[in-house]
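Here the protein sequences come in this chain order: A and B.
The numbers in numbering that gives the first Met the number 0 rise by one with no breaks, and the one at position 60 of the first sequence is 59.
The numbers in numbering that gives the first Met the number 0 rise by one with no breaks, and the one at position 70 of the second sequence is 69.
Hint data in this document are derived by calculation from the structure and do not stem from the laboratory.
In this text, a Cβ means the ideal position worked out from N, Cα and C, and glycines have one as well.
Some hints here could point you the wrong way.
What the hints assert, rightly or not - Chain A is nowhere near these chain B residues, computed Cβ spacing over 12 Å in every case:
#, residue
1, A48
2, P49
3, F75
4, R149
5, E241
6, R243
7, R337
To be verified - The calculated DSS-like cross-link candidates involving lysine-lysine, where the alpha carbons are at most 30 Å apart (straight line), are:
#, chain 1, residue 1, chain 2, residue 2
8, B, K119, A, K27
9, A, K24, B, K119
10, B, K333, B, K8
11, A, K24, B, K118
12, A, K27, B, K118
13, A, K34, B, K119
14, A, K27, B, K121
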Amino acid sequence: MNIVAVTACPTGVAHTYMAAERLEKVGKRLGHAIKVETQGSMGIENELSADDIAQADVVIFAAGIAVRNVDRFDGMRIVEVSVQDAIKDPERIFASLG
Amino acid sequence: MAAHLPDVKRYLLSGVSYVIPFVACGGIMIAVATALVPMGPSGPDFTHAPFLKMILDIGTAAFSLLVPVLAGYIAFGIADRPGLVPGFVGGYVANQVGAGFLGGLVAGLLAGFVVYWIKKVKVPAHLRPVMPILVIPVLSSFVVGFVMYRVVGSPIKGAMTFLAGWLQTMSTGNSIVLALILGGMIAFDMGGPVNKVAFFFGAAMIQDGNFAIMGACAAAICIPPIGLGLATLLARGLWNQEEREAGYAGLAMGMIGITEGAIPFAAADPVRVIPTIMVGSGLGSVIAMLGGVGDHAPHGGPIVIPVVDHRLIYVAAIAAGSLFVALVINGLRKLAARRAEEGA
Numbered sequence: 000m001n002i003v004a005v006t007a008c009p010t011g012v013a014h015t016y017m018a019a020e021r022l023e024k025v026g027k028r029l030g031h032a033i034k035v036e037t038q039g040s041m042g043i044e045n046e047l048s049a050d051d052i053a054q055a056d057v058v059i060f061a062a063g064i065a066v067r068n069v070d071r072f073d074g075m076r077i078v079e080v081s082v083q084d085a086i087k088d089p090e091r092i093f094a095s096l097g
Numbered sequence: 000m001a002a003h004l005p006d007v008k009r010y011l012l013s014g015v016s017y018v019i020p021f022v023a024c025g026g027i028m029i030a031v032a033t034a035l036v037p038m039g040p041s042g043p044d045f046t047h048a049p050f051l052k053m054i055l056d057i058g059t060a061a062f063s064l065l066v067p068v069l070a071g072y073i074a075f076g077i078a079d080r081p082g083l084v085p086g087f088v089g090g091y092v093a094n095q096v097g098a099g100f101l102g103g104l105v106a107g108l109l110a111g112f113v114v115y116w117i118k119k120v121k122v123p124a125h126l127r128p129v130m131p132i133l134v135i136p137v138l139s140s141f142v143v144g145f146v147m148y149r150v151v152g153s154p155i156k157g158a159m160t161f162l163a164g165w166l167q168t169m170s171t172g173n174s175i176v177l178a179l180i181l182g183g184m185i186a187f188d189m190g191g192p193v194n195k196v197a198f199f200f201g202a203a204m205i206q207d208g209n210f211a212i213m214g215a216c217a218a219a220i221c222i223p224p225i226g227l228g229l230a231t232l233l234a235r236g237l238w239n240q241e242e243r244e245a246g247y248a249g250l251a252m253g254m255i256g257i258t259e260g261a262i263p264f265a266a267a268d269p270v271r272v273i274p275t276i277m278v279g280s281g282l283g284s285v286i287a288m289l290g291g292v293g294d295h296a297p298h299g300g301p302i303v304i305p306v307v308d309h310r311l312i313y314v315a316a317i318a319a320g321s322l323f324v325a326l327v328i329n330g331l332r333k334l335a336a337r338r339a340e341e342g343a
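Take these sequences, add in the hints, and give me the full structure.
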């Protein structure tokens, strides 16, 4: 599957990036094409392009705060999970995508 | 930095879009409170209206956040989240040193670029977490704060003293030239230091029994917001939804003599707006001066009509200046739009 994801935790210092790394690593291992944008205290990094979003089958939000620029994903299938889930058990998130 | 120049307008706009509701909120509250109390010889008289005074204070609170929010979100537009701290701090300092909204533009752009550059520095992975919460805020706020206090702040004080002295010497010369200069100064930074010098000069002359100087200032004070508001009414298509709303707020603020209502327009497009309103206000001041308009209260706009001499000319001066601003700015925008179309 083509997947895009956004991670964002309240402090935006560590968990945002840990979740991004886990999603990317596990997603790729499971054979998905995945790109993860981080919305941490540095602001938006590794920003998803319009192309990335257009080609994606599903969007994952692993966020403990409001995700910025959500209108980019209008009309898409969005799966919302906690940042903790993305760090601890990304396999289950990918399994739930069906 | 050079690569960023075409984007500067976008950065300014990102600040302005957050500032507009602050201007509208503060402006409307100040306008309502001021409109409902009697106009005395020392300006609006709130002694018997504690509730209206509170509304005035709430509006003033919103206005005092205007420059920090402007600077903060300009920096946010450039450098994203880490830009917020130095932007807000720099904007606050701009207020402290009396640098007004132009100081806020400087603070916001400076804060944004400083953070942008710091973010470019490659740091070891184990230091990354402390960059956005510790290193960037402290370092960038220091740089911006230092520049605002030492490089921007001190010369402003000197320049204000100089301008005040200069106006004093001008006042014995040609009154038409003086009116033109006063009008331009009032419009230049809309409540900033240059505006204040002209305003306080007019207010001080009232004490000396010369009401003509304040009369010229009073007309100039309301022309930028009324003129720009009028522009949004005359050519709806040239302005977006946000600007049209800022236009209504501007009209209301202009009626009450709050030049700050023009700030959203001036901050978004300083190169076109500021010269236009300076000439428009100068024109209004000259007409007021020629017609012998005198203002007995240190305040401007149509609201002071009860304490103005030669009221019809006063109204005509405001109308002429505002119409000038509206027509010229709409013309300039049409020209810019056409040029953009041809370029594309």
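So, going through the hints one by one against the coordinates:
no.: 1; hint: A48; verdict: holds (41 Å)
no.: 2; hint: P49; verdict: holds (40 Å)
no.: 3; hint: F75; verdict: violated (8 Å)
no.: 4; hint: R149; verdict: holds (29 Å)
no.: 5; hint: E241; verdict: holds (17 Å)
no.: 6; hint: R243; verdict: holds (22 Å)
no.: 7; hint: R337; verdict: holds (29 Å)
no.: 8; hint: B:K119 - A:K27; verdict: holds (28 Å)
no.: 9; hint: A:K24 - B:K119; verdict: holds (26 Å)
no.: 10; hint: B:K333 - B:K8; verdict: holds (18 Å)
no.: 11; hint: A:K24 - B:K118; verdict: holds (26 Å)
no.: 12; hint: A:K27 - B:K118; verdict: holds (29 Å)
no.: 13; hint: A:K34 - B:K119; verdict: holds (22 Å)
no.: 14; hint: A:K27 - B:K121; verdict: holds (27 Å)
Violated hint for the displayed structure: number 3, the only one.
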